[in-house]
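Asks: Chains as they are written, first to last, in numbering that gives the first Met the number 0: chain A, 0 to 144; chain B, 0 to 144; chain C, 0 to 144; chain D, 0 to 144.
Don't take every hint at face value.
A pair holds if it fits inside one copy or across any two, identical chains being indistinguishable in the list.
Derived DSS-like pairs: lysine-lysine, alpha-carbon spacing no greater than 25 Å straight-line [said to hold, decoys possible]: (1) Lys-125 - Lys-8; (2) Lys-125 - Lys-72; (3) Lys-125 - Lys-6; (4) Lys-6 - Lys-72; (5) Lys-9 - Lys-125; (6) Lys-72 - Lys-116; (7) Lys-72 - Lys-9; (8) Lys-116 - Lys-9; (9) Lys-116 - Lys-8.
The set of hints was computed from the structure by calculation and includes no laboratory data.
There are 4 protein chains.
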Amino acid sequence: MNSTHIKPKKTVEVTFRVRYAETDQMGIVHHASYIVWLEEGRSQWMRENGRSYAEFEANGLRLAVSELNIRYKQAACYDQHVTVRCHLDEIHSRQMQFGYEVIDPITGDIFTTGYSKHICLDIHNKVARIPTEWRAMWSQAAAST
Amino acid sequence: MNSTHIKPKKTVEVTFRVRYAETDQMGIVHHASYIVWLEEGRSQWMRENGRSYAEFEANGLRLAVSELNIRYKQAACYDQHVTVRCHLDEIHSRQMQFGYEVIDPITGDIFTTGYSKHICLDIHNKVARIPTEWRAMWSQAAAST
Amino acid sequence: MNSTHIKPKKTVEVTFRVRYAETDQMGIVHHASYIVWLEEGRSQWMRENGRSYAEFEANGLRLAVSELNIRYKQAACYDQHVTVRCHLDEIHSRQMQFGYEVIDPITGDIFTTGYSKHICLDIHNKVARIPTEWRAMWSQAAAST
Amino acid sequence: MNSTHIKPKKTVEVTFRVRYAETDQMGIVHHASYIVWLEEGRSQWMRENGRSYAEFEANGLRLAVSELNIRYKQAACYDQHVTVRCHLDEIHSRQMQFGYEVIDPITGDIFTTGYSKHICLDIHNKVARIPTEWRAMWSQAAAST
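Produce the complete structure using the sequences and hints provided.
Replies: Below, the structure written as structure tokens:
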């Protein structure tokens, strides 16, 4: 692991356009689409904080979602840009919690806010410890400003 | 509306099989797939309590999701049956809250529990009153045993 | 394998309702949703012809999609029932082709027709032979009337 | 419409990362996910050729998919970048056909190739003419090199 040169970041952003398939017949983004965006925010957070989630899984571990909460404030629409802001709220030996905001990068308006709790599992779906070096790396990011 | 002969039901169930597309590379159902299942539970609840959500939207109204909370207890897998149990927790003039359990219909094991809050909007996305007859019909179901 | 008592079926049907999440802002079912339905037709075809696709994968094999063709004739809408009809067109030592129709079970109207080609892969994603007993079982279904 | 300063492009590219939700239990991208990517390629093609598809729909028209064909050559995986290349094959008074390649932007390997046919519909789902100025704009792009 060679991530010592990475500057830890508390909050990471990723921006993309709303896809047509993400809308529903209300003419706005379907509420389940945001869940996929939060996950993409989480992926980006890990990439910018040292190592990707793909590398985490390559160790035979995964971070399963144990709870999800999301509040919908304003609807996003096809074609517009959305920015997912993700930060690490808490990290424990076997669990983590991320917080999110999905915003309009132009107006700053908030589409949704939410959090997700995760539990570390091994490939047999048994609860497992987050490896020490990963936990240290992520704790540093959570503590940064 | 001819729903007087419908016996109101507090809790409604719908059962279907897990689709392959609903899994992810963890080998289990992706956490966003459950959100779609809850919605299907809600649709079934309305069908069995007098009128479908399609009819509700035909009035120029929609029930947008304003909050979603879901706890993941056990993972569902491809091909197995899952049962979504949905009940109406609360109904107000402009808002509703549904509660859910997704269970294994064979073992009774709980996969997820959750709730969703909804706000009634008109086609211009303005907050609107739930029409009196719909509210009466749904209140009766919420109060039933 | 104890499938000798299964009567092989050339064509198998599965019926379900359109989910809200499967629509898009055109007010109709998004074209990618049908792909998931075809897959569900394929799953049902296998279940009714002896053994499930889950059992096939339990052998360390998978049937990856190598080509997909779908023609959209009429749009399906939220809440209505759709029936997927699936039959096995061809089976070779390492490849299979399924054919499909998605219809309205009430009017008989055709929503889409299509086919999918599959190649048998092992867990290392190398092309593999379809095991003899599976191929025999499926060939019998393809040849039935 | 002020698109005269836009240089028409025969082929347009858009690059993004594979999302975790786009994988399935084979450990690779689910075959339906590519359909959504092709659509995103199409959206990008329009954006870079003068006006967005959102603007097209704002005219009370839509381009419904009438046929889709896709060949899967190699599997894409979570976290990697994929590039969708889209070009306009043909444009007629009421129909269009787009061609696609989904490639690995680093190695140039091809994941999938495909085409989609579209028919112009009005808001009542009646076949309609593509407006003259849109057709002229798009024909110019198709003819460019």
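Asks: At most 25 Å between CA atoms: does that hold for Lys-72 and Lys-9 within a copy, between copies, both, or neither?
Replies: within (24 Å within a copy, 29 Å between copies)
Asks: Using 25 Å as the alpha-carbon threshold, which applies to Lys-9 and Lys-125: within, between, both, or neither?
Replies: neither (29 Å within a copy, 36 Å between copies)
Asks: Could you figure out if Lys-125 and Lys-6 sit no more than 25 Å apart (CA to CA) within one copy, between two copies, both or neither?
Replies: neither (32 Å within a copy, 41 Å between copies)
Asks: Which holds for Lys-116 with Lys-8 at a C-alpha limit of 25 Å: within a copy, between copies, both or neither?
Replies: within (19 Å within a copy, 33 Å between copies)
Asks: State whether the alpha carbon distance between Lys-125 and Lys-8 is at most 25 Å within one copy, between copies, both, or neither.
Replies: neither (30 Å within a copy, 38 Å between copies)
Asks: Pop the pair Lys-116 and Lys-9 into one bin, within, between, both or neither, using alpha-carbon distances up to 25 Å.
Replies: Only inside one copy: Lys-116 and Lys-9 sit 17 Å apart there, 30 Å across copies, limit 25 Å.
Asks: Within a copy, between copies, both or neither: which one fits Lys-72 and Lys-116 at a CA-CA cutoff of 25 Å?
Replies: both (21 Å within a copy, 12 Å between copies)
Asks: First find the shortest C-alpha distance between Lys-125 and Lys-72 inside one copy, then the shortest across copies, and answer within, between, both or neither for a cut-off of 25 Å.
Replies: Between copies, since 13 Å is at most 25 Å while 36 Å is not.
Asks: Please sort Lys-6 with Lys-72 into within, between, both or neither, judging by C-alpha distance up to 25 Å.
Replies: neither (32 Å within a copy, 35 Å between copies)
Hints 1, 3, 4, 5 from the list above are not met by this structure, while the remaining hints are.
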